[in-house]
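A.B. asks: Position chain B relative to chain A; hints supplied.
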Amino acid sequence: GDQVEQSPSALSLHEGTGSALRCNFTTTMRAVQWFRKNSRGSLINLFYLASGTKENGRLKSAFDSKERYSTLHIRDAQLEDSGTYFCAARTGGYKVVFGSGTRLLVSP
Amino acid sequence: GGIITQTPKFLIGQEGQKLTLKCQQNFNHDTMYWYRQDSGKGLRLIYYSITENDLQKGDLSEGYDASREKKSSFSLTVTSAQKNEMAVFLCASSIAGAPSAETLYFGSGTRLTVL
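As they're listed, the protein sequences go chains A and B. So the number in our numbering is just where the residue sits in the first sequence, counting from 1, plus 4. So the number in our numbering is just where the residue sits in the second sequence, counting from 1, plus 248.
One chain only, chain A, in its complex shape:
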């Protein structure tokens, strides 16, 4: 079936540094959405992309449908960025499948 492979599964960053999360897709997806799970367990929408790139503050996301991947870049990481990040990809129909998540820990 449609699969989303998210990496890394866990990531540790020092404050002020940055890194990238990646999702690879086993089939062509028509859109991707990135979420962060907050301390109350709610999924907060970060980005929705049908193509190209979007940027919001210290976060930037890219989606390449043809190459079957999406990335989420975090720069100048802050303590409050800690949490679990998920990508979710929309198939050619209406099905939306999730990656397994990246647990990010930002330390002083």
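Please note: incorrect hints may appear among the correct ones.
Think about it this way: if two alpha-carbon atoms lie no more than 27 Å apart in a straight line, the pair counts; the simulated BS3-like pairs of lysine-lysine are [what the hints assert, rightly or not]:
no., chain 1, residue 1, chain 2, residue 2
1, A, Lys64, B, Lys305
2, B, Lys305, A, Lys99
3, B, Lys318, B, Lys257
4, A, Lys41, B, Lys270
5, B, Lys289, B, Lys270
It is worth saying that the hints were derived from the structure and are not from the lab.
C.D. replies: Okay, now just chain B, sitting in the frame of chain A:
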């Protein structure tokens, strides 16, 4: 803005019991979804519905039924609760047919505990 309301927030049942989770949205969204999240894992799709009275099976539909009798509501039934089903169930919705705007919005979840 709209909201997705899931009830109950916490559901405790007995093994073998039939349990129903409810979800209401006032976005006037076409498509609704039910996901299950187990601790430390990603979300797995149980059922989704493209429009009223439509049902589509996800990757984890066995052991569940769903019902979309109204556009605004989507219910999920655990047909026979098992102890390994203790998880958070998340409902979501989105518009359909506009590829650049099909953002998925989530409710706050129902936490299921099976005794």
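A.B. asks: Does each hint hold? Answer for all of them.
C.D. replies: So, going through the hints one by one against the coordinates:
Between Lys64 of chain A and Lys305 of chain B the CA atoms are separated by roughly 33 Å; this puts the pair beyond 27 Å, and the hint is violated. Restraint check: the Cα-Cα separation between Lys305 of chain B and Lys99 of chain A comes to about 9 Å, which is no more than 27 Å; the hinted pair holds. The hinted pair formed by Lys318 of chain B and Lys257 of chain B meets the criterion: a straight-line CA distance of about 21 Å does not exceed 27 Å. Distance restraint check for Lys41 of chain A and Lys270 of chain B: the Cα-Cα separation of roughly 22 Å lies within the 27 Å cut-off, and the hinted pair is therefore satisfied.
Proximity of Lys289 of chain B to Lys270 of chain B is assessed by CA-CA distance (about 23 Å); at most 27 Å being required, the pair is judged to hold.
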